[in-house]
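Visitor: Going down the list, the protein sequences come from chains C and Z. If you read the first sequence in this note's numbering, its first letter stands for residue 1, the second for the next number, and so on. If you read the second sequence in this note's numbering, its first letter stands for residue 1001, the second for the next number, and so on.
In short, the hints are calculated from the structure, not lab data. Do not rely on the hints blindly, as some may be mistaken.
What the hints assert, rightly or not - Partial list, derived from the structure: chain Z residues whose beta carbon lies under 7 Å from chain C: (1) ARG1022; (2) CYS1026; (3) GLY1027; (4) GLN1076; (5) GLY1143; (6) PRO1145; (7) LEU1152; (8) ARG1153; (9) GLY1154; (10) SER1157; (11) ALA1159; (12) THR1162; (13) ARG1163; (14) ALA1165; (15) ALA1168.
Please read these numbers as outputs of a predicted model, since none were measured by experiment. Note that CB positions come from ideal geometry on N, CA and C, so glycine has one too.
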Amino acid sequence: MGLKSARPGASDTKEGGLLSTVSTLSPNFVTTRLDFLANWARSNSLWPMPFGTACCAIEFMATAASRFDLSRFGMERMSFSPRQADVLICAGRLPFKLAPVIRRIWDQMPQPKWAISMGACASSGGIFDTYAMVQGIDTIIPVDVYVPGCPPRPEGLMYGIMLLQKKIKGESLTDLSLRQEFMVNPDGLFLAPEKIDELSEPFGNSVHQTRSQ
Amino acid sequence: MMTARESAAALAAAFGTAVLRRSESCGDTIVSVARESAHEMLQWLKETPGQDFDYLTDVTAVDYRDPGQPLEVVYQLRSLQRKVDLRIKIPLDKSGDLSVDSVWDLWKGADWLEREVFDMFGVTFTNHPDLRRILMWETYREGFPLRKDFPLRGHYSRAEQTRQALGANPEAHYSMEELSIAAAYDDLPDDMRERLATGERGEVK
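Can you build the whole structure from these sequences, using the hints too?
Guide: Structure, rendered in structure tokens:
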């Protein structure tokens, strides 16, 4: 826990802080060593914000329970408060009614933050290509890792988490674009409308569904 | 002890031509009744000694793909003492007025069931205490999803659906009653009281 509070960059995002000083430097011995230290601390103390809406949440609970023991990866503490969370795990389908809720939770999470889309429904809408379902949470929030499966086994989720840890270990404090916030635009969308329509296109078996009109 | 078939016959004897059709399917007794006297009949079934259909199992509706077929509002009744089930259907002309009398005054459990039928099929229940959408959010304006003329993926593009969803206020789906803070209303801060009183739920279609 001591590492958690001492994470470089966690409290230095304001101008004039350590981070902005470091970011003006080209990668050198100091910044790469600092990166190593920060990324080591960040990747091994990810606090998940579980957003469980369906059967994937059951697998997520199994992952957190004794047999698979998520705490081996530094995820000992489930953060049911978004303000103390690092990684949002959307486990399950997301209806449009919950879209503003997950967006609010994502906005409330402080940087640095990451998102895992767990399962087919969260990643693509899955079998629910209907009027009520978001066709992939990447139309609502930015996603770092997609875990396929319906639902994914705990090993699958842990593999996704390890991929995220690998990604974090490749980050650099000098790259401020990694910490950029993608807010909802004034037009009410986070992506361009054409992009959302493209992402939401029916695919696979779903193109054969009969449609009224 | 009266069977469901005998109950249906007794209903037909008491109300005559208001009972449109009686049938049996898969062991269930089904009675189609006219909209105008449906409430009176349901009250009769509930309160007449010997009938005692004291439990409303479900209220739902059926929309058939054939455009000539009426939309049917379905009441599934049960008598707990007699262990008898009876299904009452009200056929409604789809091109006409889709409204029936609420049975909330007979069975309080009809409250949310009728809201669901309203939400999904657009049937309005007169004298319902709080007829709002229940599954879809209250500012949902694409129509009534379980109607057969409703496209599976909705009327709007995915981008427009996402835009409307993100524009919704996440706190606004819950009324004061649902949050059970009505009792604490007087102790709430002024700004919260104002928000609850005026309603931030947006335009209710």
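Visitor: A separate judgement is required for each hint: does it hold in the structure or not?
Guide: Do the hints match the structure? See the list:
no.: 1; hint: ARG1022; verdict: violated (32 Å)
no.: 2; hint: CYS1026; verdict: violated (26 Å)
no.: 3; hint: GLY1027; verdict: violated (31 Å)
no.: 4; hint: GLN1076; verdict: violated (25 Å)
no.: 5; hint: GLY1143; verdict: violated (9 Å)
no.: 6; hint: PRO1145; verdict: holds (5 Å)
no.: 7; hint: LEU1152; verdict: holds (5 Å)
no.: 8; hint: ARG1153; verdict: holds (6 Å)
no.: 9; hint: GLY1154; verdict: holds (3 Å)
no.: 10; hint: SER1157; verdict: holds (6 Å)
no.: 11; hint: ALA1159; verdict: holds (4 Å)
no.: 12; hint: THR1162; verdict: holds (5 Å)
no.: 13; hint: ARG1163; verdict: holds (4 Å)
no.: 14; hint: ALA1165; verdict: holds (4 Å)
no.: 15; hint: ALA1168; verdict: holds (5 Å)
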